[in-house]
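There are 2 protein chains.
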Amino acid sequence: MNIAIHLHKDSKEPVYMQLYHYFKTEILSGKIEAGTKLPSIRYLASVLQISKNTVIDAYQQLWTEGYVESKEKSGYTVVALPSYEYTTTQKKKAEEPQVEHASYSLDFHYGDIDGHNFPINAWKKTMKSVMEDNPSNWVKYGNKQGELSLREELVGYLYRSRGIKTTANNLVITAGTEHLIHLVLSLMDEKALCVGMEEPGYNGVRNVFKERGVPIQPIPVLEEDGHDLSALFNSDCNLAYVTPSHQFPIGKIMPITKRIELLKWAEKRDGFILEDDYDSEFRFQGSPIPSMKAIDQQDRVIYLGTFSKAFMPSLRISYMILPDVLLEKWNGRSKMDSQSSSPLLQQALARFIQNGEFERHIKRMRKVYERKYAILTQCLKRYMGEKVEVIGEKAGLHLVIRVPSKTDESCIMEAKRIGIKIYSTKPYYTEKKTCYPLLLGFGGLEEKEIEEGIQHLSRAWFI
Amino acid sequence: MNIAIHLHKDSKEPVYMQLYHYFKTEILSGKIEAGTKLPSIRYLASVLQISKNTVIDAYQQLWTEGYVESKEKSGYTVVALPSYEYTTTQKKKAEEPQVEHASYSLDFHYGDIDGHNFPINAWKKTMKSVMEDNPSNWVKYGNKQGELSLREELVGYLYRSRGIKTTANNLVITAGTEHLIHLVLSLMDEKALCVGMEEPGYNGVRNVFKERGVPIQPIPVLEEDGHDLSALFNSDCNLAYVTPSHQFPIGKIMPITKRIELLKWAEKRDGFILEDDYDSEFRFQGSPIPSMKAIDQQDRVIYLGTFSKAFMPSLRISYMILPDVLLEKWNGRSKMDSQSSSPLLQQALARFIQNGEFERHIKRMRKVYERKYAILTQCLKRYMGEKVEVIGEKAGLHLVIRVPSKTDESCIMEAKRIGIKIYSTKPYYTEKKTCYPLLLGFGGLEEKEIEEGIQHLSRAWFI
Numbered sequence: 143m144n145i146a147i148h149l150h151k152d153s154k155e156p157v158y159m160q161l162y163h164y165f166k167t168e169i170l171s172g173k174i175e176a177g178t179k180l181p182s183i184r185y186l187a188s189v190l191q192i193s194k195n196t197v198i199d200a201y202q203q204l205w206t207e208g209y210v211e212s213k214e215k216s217g218y219t220v221v222a223l224p225s226y227e228y229t230t231t232q233k234k235k236a237e238e239p240q241v242e243h244a245s246y247s248l249d250f251h252y253g254d255i256d257g258h259n260f261p262i263n264a265w266k267k268t269m270k271s272v273m274e275d276n277p278s279n280w281v282k283y284g285n286k287q288g289e290l291s292l293r294e295e296l297v298g299y300l301y302r303s304r305g306i307k308t309t310a311n312n313l314v315i316t317a318g319t320e321h322l323i324h325l326v327l328s329l330m331d332e333k334a335l336c337v338g339m340e341e342p343g344y345n346g347v348r349n350v351f352k353e354r355g356v357p358i359q360p361i362p363v364l365e366e367d368g369h370d371l372s373a374l375f376n377s378d379c380n381l382a383y384v385t386p387s388h389q390f391p392i393g394k395i396m397p398i399t400k401r402i403e404l405l406k407w408a409e410k411r412d413g414f415i416l417e418d419d420y421d422s423e424f425r426f427q428g429s430p431i432p433s434m435k436a437i438d439q440q441d442r443v444i445y446l447g448t449f450s451k452a453f454m455p456s457l458r459i460s461y462m463i464l465p466d467v468l469l470e471k472w473n474g475r476s477k478m479d480s481q482s483s484s485p486l487l488q489q490a491l492a493r494f495i496q497n498g499e500f501e502r503h504i505k506r507m508r509k510v511y512e513r514k515y516a517i518l519t520q521c522l523k524r525y526m527g528e529k530v531e532v533i534g535e536k537a538g539l540h541l542v543i544r545v546p547s548k549t550d551e552s553c554i555m556e557a558k559r560i561g562i563k564i565y566s567t568k569p570y571y572t573e574k575k576t577c578y579p580l581l582l583g584f585g586g587l588e589e590k591e592i593e594e595g596i597q598h599l600s601r602a603w604f605i
Numbered sequence: 143m144n145i146a147i148h149l150h151k152d153s154k155e156p157v158y159m160q161l162y163h164y165f166k167t168e169i170l171s172g173k174i175e176a177g178t179k180l181p182s183i184r185y186l187a188s189v190l191q192i193s194k195n196t197v198i199d200a201y202q203q204l205w206t207e208g209y210v211e212s213k214e215k216s217g218y219t220v221v222a223l224p225s226y227e228y229t230t231t232q233k234k235k236a237e238e239p240q241v242e243h244a245s246y247s248l249d250f251h252y253g254d255i256d257g258h259n260f261p262i263n264a265w266k267k268t269m270k271s272v273m274e275d276n277p278s279n280w281v282k283y284g285n286k287q288g289e290l291s292l293r294e295e296l297v298g299y300l301y302r303s304r305g306i307k308t309t310a311n312n313l314v315i316t317a318g319t320e321h322l323i324h325l326v327l328s329l330m331d332e333k334a335l336c337v338g339m340e341e342p343g344y345n346g347v348r349n350v351f352k353e354r355g356v357p358i359q360p361i362p363v364l365e366e367d368g369h370d371l372s373a374l375f376n377s378d379c380n381l382a383y384v385t386p387s388h389q390f391p392i393g394k395i396m397p398i399t400k401r402i403e404l405l406k407w408a409e410k411r412d413g414f415i416l417e418d419d420y421d422s423e424f425r426f427q428g429s430p431i432p433s434m435k436a437i438d439q440q441d442r443v444i445y446l447g448t449f450s451k452a453f454m455p456s457l458r459i460s461y462m463i464l465p466d467v468l469l470e471k472w473n474g475r476s477k478m479d480s481q482s483s484s485p486l487l488q489q490a491l492a493r494f495i496q497n498g499e500f501e502r503h504i505k506r507m508r509k510v511y512e513r514k515y516a517i518l519t520q521c522l523k524r525y526m527g528e529k530v531e532v533i534g535e536k537a538g539l540h541l542v543i544r545v546p547s548k549t550d551e552s553c554i555m556e557a558k559r560i561g562i563k564i565y566s567t568k569p570y571y572t573e574k575k576t577c578y579p580l581l582l583g584f585g586g587l588e589e590k591e592i593e594e595g596i597q598h599l600s601r602a603w604f605i
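So the protein sequences, as listed, match chains E and S.
Numbers given in our numbering equal positions in the first sequence, counted from 1, plus 142.
Numbers given in our numbering equal positions in the second sequence, counted from 1, plus 142.
Where hints are given, some of them may not hold.
Identical chains share a label here; the pair holds if one copy fits it or two copies do between them.
Stated by the list, open to error - When the alpha-carbon atoms are kept at most 27 Å apart in a straight line, the in silico BS3-like pairs for lysine-lysine are as follows:
#: 1; residue 1: K266; residue 2: K400
#: 2; residue 1: K471; residue 2: K563
#: 3; residue 1: K471; residue 2: K151
#: 4; residue 1: K151; residue 2: K270
#: 5; residue 1: K568; residue 2: K536
#: 6; residue 1: K509; residue 2: K194
#: 7; residue 1: K505; residue 2: K282
#: 8; residue 1: K471; residue 2: K451
#: 9; residue 1: K213; residue 2: K400
#: 10; residue 1: K173; residue 2: K266
#: 11; residue 1: K213; residue 2: K267
#: 12; residue 1: K558; residue 2: K151
#: 13; residue 1: K286; residue 2: K563
#: 14; residue 1: K173; residue 2: K406
Rather than coming from a laboratory, the hints here were simulated on the basis of the structure.
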């Protein structure tokens, strides 16, 4: 065998690795053929003027990875590899430039929250104290059901804020609502499952149903009359996904009559209701709308909550209340799941709720968002007047509007031209329409930006 | 109507809410019947000696929630509710006591990592700097694909440590491997999918396949010969899940011949290989085994990595490299997903890799675990000798052993009696066996604990 190897003894790479790489490449490229005997350790060490141990280490690594086999007393022999086009010159892939985002000066993006009134210092202090108190917890996966401290704080919070009576045992914490839906589906007989889903409705959740092949029965949500439950009641569905406190995206509140009808339906069907209470903290007139879970007498409601709107999306902490019968199933299979939400952040949040900071924050933010909401609706009235229709309740972090004289597409294009990003509600519909209402998220914008934005949009659309 | 309401003007609950609750409860319980007219605002205000606005607020809330309807000039009328057994006396559910864990003095739990050598201060400093630099990022959901800063650092790390040439564009970050598998499945035609899965193999991943109804073809992993790929090659599978660097749980390394055969199989089948490289950082003899992805010429390998073993599980950060063809599909549907891993922690980790702390930590930990591994195997030899068989390579954070004279169940019971927790490999098998090997995780135990543990186990089992 012809050995043309140049060892760099000053290289950062150990000599045995250089030797190993040399043989590996030669074998992979076919230059050293199957059946070839590697030079003896003694011989190679003397030719290359390296120690025998260096050669042994290289040969060992080749042997471990299966490039050579070792036969007693006859040294190492190259194995026969299946032919595989292997180029040693494979270049590091060029990084494709990240898609450039059109530059917008204002973005009515839904899901952004207010950054200026965030209790940065209180949160940093809490994080610091948790990191100092429990360093041993960092090295653990965390409770599969979610940190007990957070579940216990949630029990109190849900009782105070949503009238819900539950236990830490019934709570399951994960990273994000989509993940909760995956979990719920895994507790059900998916083959016998059919789900009623708001139309329009939250596409993130609908997507999970679609992905898992669950048949979907639309529950139409009308701008005037809200949920039309008749199609659901006439269907074979045994699960219904609803956002009763503030329907997403339309904004309707489900009245008590329909809530009771839905609860009775679930009982009769031996089914469940997924109540997604994503933004109920922020209602600007009167009190927050009570949750369905609070009046659920038969344990038929799976309540879904999140800290993404009320606190901060970057925590990635969502939770659900499982009815006892589903909890039992969860206990049966939970050993296989790992917790997806960081236990470190969960512990910090538990402490933040415990010391009252969280509810103080919510109270403060309700006023902040109320003002933004008021400014947005006032500006729409002042600058656009009759030319737009405002849809939805005095709540949440978004508003739906319709511009009867234009399509959503042209509204969006005209806004883009002046550097303002607005959104269509199209993704929330499965039904094809010629034109969809528009969605204005206002949580992340400053009051001044909201006013300027609407003023400029009015000019772009109507002048 | 008989109004028997006692208002507490000193209560924390606003008077209008007390009034609202009174009516709501009376209506729900049927004490105020459908069709009943609520007292006029003026009348009720004067009777109760409260302001008219208080009454208006209460009535408004009742109206918003659909308990009453308002007819022009005739005030508010109670709506007809479907009958629903509603008890106002529903007690707050008693908290069930959390399942008490048997008290173990030693736990050979797999997945725990070393807590004593964790770079607590360096990590705290990094977290602090990230929190101070980017407070505006807290209020965002974070990049759906994962923070760009972390993906960029990963490109460098994967090249340096695993010989992988990829781009930040091809990387997707989520919270946990199970989540990655869900994502991968959503990019494929699930109806045409059949997956080859190691037997025994990681149950967390197998469970996702099962849950989603993907047919599974076992790939037997033999203690002597490792992966037996023939069943896979003769099947209709077009996806294969493998842990080639350190098979979980058996510990075998897949030799280069089989790797190439598998790569060629994927190419021929137009299929993909899921390479789960969960603990490749920790190999104690020779160099880390190269990844399959590093020799994947046809972009057929979906590479899965995690920071749970190499750094800390509580971060909940896993990642994968998507082949270009899957990346395109991901781009097409990614708008619907939200990022499940905290962007705050991702940014801190990116900085930790960038300033070299992460790789210094890995280097340190390799030595720590190497010592623990050495002590574990030495003690097994010293105290148990021929009575146990040690299976697996000199790598990772766990070891598989077999006690030929006993069943796994009796080993576990006898260990429990002396306060030591050990585990069966049973959950990783689908095949029923009369007896399974045992799994000893040693990452989270101190050297002294390992020695004591094995000494005590030896006494419990063999004396």
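Broken hints, by number:
1, 3, 4, 8, 10, 11, 12
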